[in-house]
Amino acid sequence: MKYLFYIYLIIIISSILSCAKQSAPLGGPKDEDKPELVSIDPENESINTKPSIIVLEFNEYVRTETPNKLILITPRINKDDIEVTANRNKVTINLNQELEDSTTYVFNFQKSIKDITEGNVPENLRLVFSTGPTIDSLTANGQVSFNFPQNTKVIEDVLVGLYTLDDTTNVFTGPPYYVAQTDSTGQFTIKNLKQGKYLAFAWQDNNNNNKAEDKTEPYSFIIDTINLESDITGLNFILDKSDLSPFKIQRTATIGQNFEITTTKAAVNIEIQHEDLGKDLFYVAKEKSIRFYHQTLRNDSTTVRIQLADSAGIQIDSTLYLKFQESDRKKDTPIPSFGYAKTFIKNIEAQILFNKPIADINYDSLFVKYDTINNVQITPQMLSFEDSLQRTSLSLLIPIPDSVASDSFTLYIGDSTFMDVEGEWTDKKYENTYTKINPETLAEEIKVSVNTEERPLIIQILNKKDEIIRQEYLENTNTTTFKNIEAGTYIIRAIVDKNKNKRWDTSNYLDKRYAEPIYFLTNPENPEPYDTIVRGGWTLEVTIEPRKGPGVTPLKEKKPQ
Numbered sequence: 369m370k371y372l373f374y375i376y377l378i379i380i381i382s383s384i385l386s387c388a389k390q391s392a393p394l395g396g397p398k399d400e401d402k403p404e405l406v407s408i409d410p411e412n413e414s415i416n417t418k419p420s421i422i423v424l425e426f427n428e429y430v431r432t433e434t435p436n437k438l439i440l441i442t443p444r445i446n447k448d449d450i451e452v453t454a455n456r457n458k459v460t461i462n463l464n465q466e467l468e469d470s471t472t473y474v475f476n477f478q479k480s481i482k483d484i485t486e487g488n489v490p491e492n493l494r495l496v497f498s499t500g501p502t503i504d505s506l507t508a509n510g511q512v513s514f515n516f517p518q519n520t521k522v523i524e525d526v527l528v529g530l531y532t533l534d535d536t537t538n539v540f541t542g543p544p545y546y547v548a549q550t551d552s553t554g555q556f557t558i559k560n561l562k563q564g565k566y567l568a569f570a571w572q573d574n575n576n577n578n579k580a581e582d583k584t585e586p587y588s589f590i591i592d593t594i595n596l597e598s599d600i601t602g603l604n605f606i607l608d609k610s611d612l613s614p615f616k617i618q619r620t621a622t623i624g625q626n627f628e629i630t631t632t633k634a635a636v637n638i639e640i641q642h643e644d645l646g647k648d649l650f651y652v653a654k655e656k657s658i659r660f661y662h663q664t665l666r667n668d669s670t671t672v673r674i675q676l677a678d679s680a681g682i683q684i685d686s687t688l689y690l691k692f693q694e695s696d697r698k699k700d701t702p703i704p705s706f707g708y709a710k711t712f713i714k715n716i717e718a719q720i721l722f723n724k725p726i727a728d729i730n731y732d733s734l735f736v737k738y739d740t741i742n743n744v745q746i747t748p749q750m751l752s753f754e755d756s757l758q759r760t761s762l763s764l765l766i767p768i769p770d771s772v773a774s775d776s777f778t779l780y781i782g783d784s785t786f787m788d789v790e791g792e793w794t795d796k797k798y799e800n801t802y803t804k805i806n807p808e809t810l811a812e813e814i815k816v817s818v819n820t821e822e823r824p825l826i827i828q829i830l831n832k833k834d835e836i837i838r839q840e841y842l843e844n845t846n847t848t849t850f851k852n853i854e855a856g857t858y859i860i861r862a863i864v865d866k867n868k869n870k871r872w873d874t875s876n877y878l879d880k881r882y883a884e885p886i887y888f889l890t891n892p893e894n895p896e897p898y899d900t901i902v903r904g905g906w907t908l909e910v911t912i913e914p915r916k917g918p919g920v921t922p923l924k925e926k927k928p929q
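In the working numbering, the protein residues as written are 369 to 929.
No lab work stands behind these hints, which were simulated from the structure alone. It is possible that some hints are incorrect.
To be verified - Below, computed lysine-lysine pairings styled on DSS-like, alpha-carbon distance capped at 27 Å: (1) Lys880 x Lys609; (2) Lys609 x Lys656; (3) Lys616 x Lys866.
Stated by the list, open to error - Just the calculated beta-carbon pair ranges, DEER-fashion: (4) Gln518 x Asn869: 25 to 31 Å; (5) Asn723 x Arg619: 18 to 24 Å; (6) Ala621 x Asp534: 42 to 48 Å.
These figures come from a predicted structure and were not determined experimentally. Idealized CB from N, CA, C, for every residue including glycine.
With these hints in hand, go ahead and build the complete structure from the sequences.
Given below as structure tokens:
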């Protein structure tokens, strides 16, 4: 009997817990209706109220989803102290903090509240109230876009924030005073703003922490102070990544009989000063390291000046002692790899990349094969090092006689063809195949113009792998012509090289410098608006239109009629 009592007790407790648990009912038609707000306390647009608790009541059972992250609250309050609970059809927000006097607060609930059946979200759920006698009503709106085409056509998780001019935080250190989320097209409006002076930022908040991670998240800023005295429009942001973390030499060490420095970030510009550079002293730059090789110096050190710059323009200027010593450590073997395109029209343009500086070449085992018997012997006149200070990138221009009927050619590197500066030879053969193209399958020319007076310009044609296949640097004109382009789909763009270093440079907030402008050839009517299709025999003439840069674009005044 006592045993049956315990069984009944367990059944009763389980039934009670089952009834108490808030869960979606099983079966029935799919619920597509959005929860409707029945009441809210305090009421929307209330004045002279300073609530400690906010209660929302809906017409159905609801649940919350990461509310402390998804609810946008302006002005900024301590969201970590907030407690949000859902019980049946009510959501209760315990603020656990004192609100400021005479301040308009906005709670934008976004997707933090959903019904328990299908996760439907209330439409435009927003609460505005003031702790003073008036509600601030100024607005700021504008547009956010990306510097480079994105994989998705909609813009997601992008926030726009305003920081007061006297704020000790910024977009990298804390949440903004006012914040809003863009729609899927990048448009935004920040409402219920107070008059004042602000700094404006936008960023893709992938981790929902209401601030930008400069190493991993694209962001943008407006250099000028926003003086908000009336409604403002035309705030424009262009997002890209710019790592502003410290750039410094992290470690120096002798490795074998060589010397290596390691940096905290990759260097995009390297300048080294030493009297032996390019003669006995060479270097190889990798992502975050530079290794030095000296052909004669052993058990001694030498002084070298190193000037480095990262992608954001942050610089290192240092004098180092490079120590070289004898070592029994096994030396690395030189290993070639192949760059450039694998097709050609008349001459093979090849590139051979090495992991170590090259000191000597055995031309007897370097040639192009086009059948089992015949080949084209490569001579010293056909090749050159792209950088004599590193000697790790070799360019080859190999003419193919018109009398050769084959359309397939193999660049052959035999065993012991290349010797590096440490006296090590390649230890096996390497081959790479190149295909001769029928000129009739090529587009005759693409004439590209950029509708701007800005100079210099870098005009680039990229394939769908984002590889640059053609490039021209224009200093005195805005037009160039590319001939003999393979049929395919391409992206055509123009870079305004403001600092004339012949590459694109990202933004640097610390230096108050915008990224160099990039303009893309687009066709909004295409499913893929950045794509340009090229066919054999075509002649194209296209114009790249500049786009609005970051900053504030004032409204054009209407002319009196």
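Hint check results:
no. : hint                        : verdict
1   : Lys880 x Lys609             : holds, 15 Å
2   : Lys609 x Lys656             : holds, 18 Å
3   : Lys616 x Lys866             : holds, 26 Å
4   : Gln518 x Asn869: 25 to 31 Å : holds, 26 Å
5   : Asn723 x Arg619: 18 to 24 Å : holds, 20 Å
6   : Ala621 x Asp534: 42 to 48 Å : holds, 46 Å
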